[in-house]
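Same order as they appear, the protein sequences are chains A and B. Heads up: the first sequence begins at 1 in this note's numbering, then just goes up one per residue. Heads up: the second sequence begins at 1 in this note's numbering, then just goes up one per residue.
If you're looking for bench data, these hints aren't it; they were derived computationally from the structure. A few of these clues could be false.
[To be verified] Heads up, simulated SDA-like pairs for lysine to any residue below, C-alpha to C-alpha not over 25 Å straight-line:
# : chain 1 : residue 1 : chain 2 : residue 2
1 : A       : LYS183    : B       : LYS64
2 : B       : LYS235    : A       : ILE394
3 : A       : LYS217    : B       : HIS76
4 : B       : LYS236    : A       : ASP398
Keep in mind that this is a model prediction, so the values were computed, not measured.
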Amino acid sequence: MFYFLIFFTKIVIFFSRLFKFGAGSTWPGHLALFFDSKFIKKILQKNNHLKIFVITGTNGKTTTVALLKHFLEKNNVSCFSNQEGANLLNGITSSLIKNSNFFGKINKEVAIFETDEFNFPLILKELTPLAIIILNLFRDQLDRYGEVNTIFSRWFEALKNISSNTLVFLNGDDPQLYYLGKKISGQVFYFGLDKEEMPLKKLPHDMDFNYCPVCFKLLHYKKIAYSHLGKFFCLKCGFKSKNIFTSKESFSDFPLKGIYNRYNLTAVFLFLKKIFGFSIDKLKLLLNDFLPAFGRQEKITYNNRYFYLLLSKNPAGFNQSIEASISFIGNKKNVFWLILNNKIPDGHDVSWIWDVNFKKIFLVTKEIFVSGDRAFDMAVRLKYEETLLKKKIIPIIDLRQALKEILKVTKEKDEILVFPNYSAMLELRFILVGRKFL
Amino acid sequence: MKLYLGWFYPELMSTYGDRGNIIALSYWAKILGINLQVIVISLKDPKEIILKMDILFMGGAQDKQQEIVNNDLKNHKGDYLKKAIEAGVSGLFVCGAYQFLGQYYKTADGIKIPGLSIFNLYTENPGNRFPRLIGDIGVKTKIAFDKIIVGFENHGGRTYLSDKSLAFGEVVFGFGNNGRDKTEGIFYKNTIGTYLHGPILPKNPFLARFLLNKAIQKKYKKEIRMKKFDENWEKKAREKVIKENLK
Numbered sequence: 001m002f003y004f005l006i007f008f009t010k011i012v013i014f015f016s017r018l019f020k021f022g023a024g025s026t027w028p029g030h031l032a033l034f035f036d037s038k039f040i041k042k043i044l045q046k047n048n049h050l051k052i053f054v055i056t057g058t059n060g061k062t063t064t065v066a067l068l069k070h071f072l073e074k075n076n077v078s079c080f081s082n083q084e085g086a087n088l089l090n091g092i093t094s095s096l097i098k099n100s101n102f103f104g105k106i107n108k109e110v111a112i113f114e115t116d117e118f119n120f121p122l123i124l125k126e127l128t129p130l131a132i133i134i135l136n137l138f139r140d141q142l143d144r145y146g147e148v149n150t151i152f153s154r155w156f157e158a159l160k161n162i163s164s165n166t167l168v169f170l171n172g173d174d175p176q177l178y179y180l181g182k183k184i185s186g187q188v189f190y191f192g193l194d195k196e197e198m199p200l201k202k203l204p205h206d207m208d209f210n211y212c213p214v215c216f217k218l219l220h221y222k223k224i225a226y227s228h229l230g231k232f233f234c235l236k237c238g239f240k241s242k243n244i245f246t247s248k249e250s251f252s253d254f255p256l257k258g259i260y261n262r263y264n265l266t267a268v269f270l271f272l273k274k275i276f277g278f279s280i281d282k283l284k285l286l287l288n289d290f291l292p293a294f295g296r297q298e299k300i301t302y303n304n305r306y307f308y309l310l311l312s313k314n315p316a317g318f319n320q321s322i323e324a325s326i327s328f329i330g331n332k333k334n335v336f337w338l339i340l341n342n343k344i345p346d347g348h349d350v351s352w353i354w355d356v357n358f359k360k361i362f363l364v365t366k367e368i369f370v371s372g373d374r375a376f377d378m379a380v381r382l383k384y385e386e387t388l389l390k391k392k393i394i395p396i397i398d399l400r401q402a403l404k405e406i407l408k409v410t411k412e413k414d415e416i417l418v419f420p421n422y423s424a425m426l427e428l429r430f431i432l433v434g435r436k437f438l
Numbered sequence: 001m002k003l004y005l006g007w008f009y010p011e012l013m014s015t016y017g018d019r020g021n022i023i024a025l026s027y028w029a030k031i032l033g034i035n036l037q038v039i040v041i042s043l044k045d046p047k048e049i050i051l052k053m054d055i056l057f058m059g060g061a062q063d064k065q066q067e068i069v070n071n072d073l074k075n076h077k078g079d080y081l082k083k084a085i086e087a088g089v090s091g092l093f094v095c096g097a098y099q100f101l102g103q104y105y106k107t108a109d110g111i112k113i114p115g116l117s118i119f120n121l122y123t124e125n126p127g128n129r130f131p132r133l134i135g136d137i138g139v140k141t142k143i144a145f146d147k148i149i150v151g152f153e154n155h156g157g158r159t160y161l162s163d164k165s166l167a168f169g170e171v172v173f174g175f176g177n178n179g180r181d182k183t184e185g186i187f188y189k190n191t192i193g194t195y196l197h198g199p200i201l202p203k204n205p206f207l208a209r210f211l212l213n214k215a216i217q218k219k220y221k222k223e224i225r226m227k228k229f230d231e232n233w234e235k236k237a238r239e240k241v242i243k244e245n246l247k
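Using the sequences and the hints, build the whole thing.
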């Protein structure tokens, strides 16, 4: 049965690519699991050599996986990952099938699996990773995933009895994740930023944890990087972080802007140092030809204009995209394009846009185009932010129509900063670069 | 004309985008020529400040945050909040904040947490085997029965009013207080308790103006002149939700 399933699903992949039904990134896995719920365990038994890494968190997963792959490949470590967006069990299974031969043997050393915060516990039931990275936890799609405390409890349940050999890399600037590290059985390492690099003194509105996870009194912060990530301490019980790995040297070669990407990079550095013994100084030399992942500060040339896609799907992420975009363009006035959908992968509720701070956009924009299923929700949001600047806001639901207008108001070599949420990003990429499988 | 807007516990009760209501009230105050000052009322602040406010607002949050706030309300600020609401202050209390003001909240584990008993209602979470009530919601409200207001609800607790005629509105689509009796929220004196996120005021701006007007009436004994306002985008945002749900 096992060999038949591999054979059968590989044929599915072949035909789905041949006839362009899709990339075969979920269906083959879905079929394999449907006929044999133990399929993952079986294929992994045949591949004991495979080092499995699992990456989760609210924001930064895809970029972190891309960074890991970049560095591993440059160091001649063969690896593969599940396709972006296919981060449920079926996506992981599909990637295992794709990378195996007809006998179920995988000829690679490392498998990197990205999984969303909700599915992470389910995935840990199916496989035992050598190492895990948890990047952060912010509110995101509350109607789909639930509140952050609910997610946190599920993570805690999944991790508390994990093998003591498992290496767990946690964001030590997140009070809740730091606390998690003290409560689980794996070998825990923390990454974070240096206090000097943190720009804020006051907790911003988009934060989710401001109370002590031990005694529930309000936490204090010496400095804050963004959201609730920072140097926290509790006056009542003394809870605070220590032994955080930071990497403060300059990153001028790093093409990704924004402090949130510094976290992703620091996590990757610590990870590769601990697991492969790579030298961080050498890794830094490999940074300049790193290409951003799909829609994550990705630059797309269209009609001789440059469109920068900054995926923005929750308050913390959106605020960080805005910060990053400003460090892209400086004080130049650009056209902005905000695209808000509420399809299944986006979550149906768009209330969260009211937790984003849009003021800074108005300082650096000529016009703000607003599109997507919920374009008018976004238009109202912007209008209420800057009463007097309503004329700068141009709502056009349809993406192609908006694109036409944007081409009219821009000239060659202009930069357009696009902030789409998930399904909007896919839709726009389809328009700008044509059919391209994820 | 000057009004004070008291915003309760923004650092704890802001999980669901309810800050939009503060932004909407500020926007409409500006349009109507009202000088609106937003005052944060937090854990460390003295309770006396509540009585200086003309409008009160509190949003929804997660259980843990609500527990912290509930303690502060019960031990410090609750009596003053009750006084203010009974005296007819304009108020908007969303989701978790709405539940606090009832008699009690029974958690999913069956623990009864007493509320402030300002509203004659109670809330029970039937347990984790029952789904949360999540989705778009449309309501015809007491304030303008000819209009459907829209929002988004996401709550585990089911709320029951002792007197259904106190409901803020009647559910057109969605769940409302409990998913059974078609009631949504409560309207008591000049205070609205509701499950509507979305947030409620930006997409239904006449409600924002209603709250401001009530506050002006109470403080200055006069009415705001309502004219035709530019609210085409708000209307389109609202109509989109109605269209999707009344197919």
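Give me the numbers of the hints this structure contradicts, sorted from smallest to largest.
none
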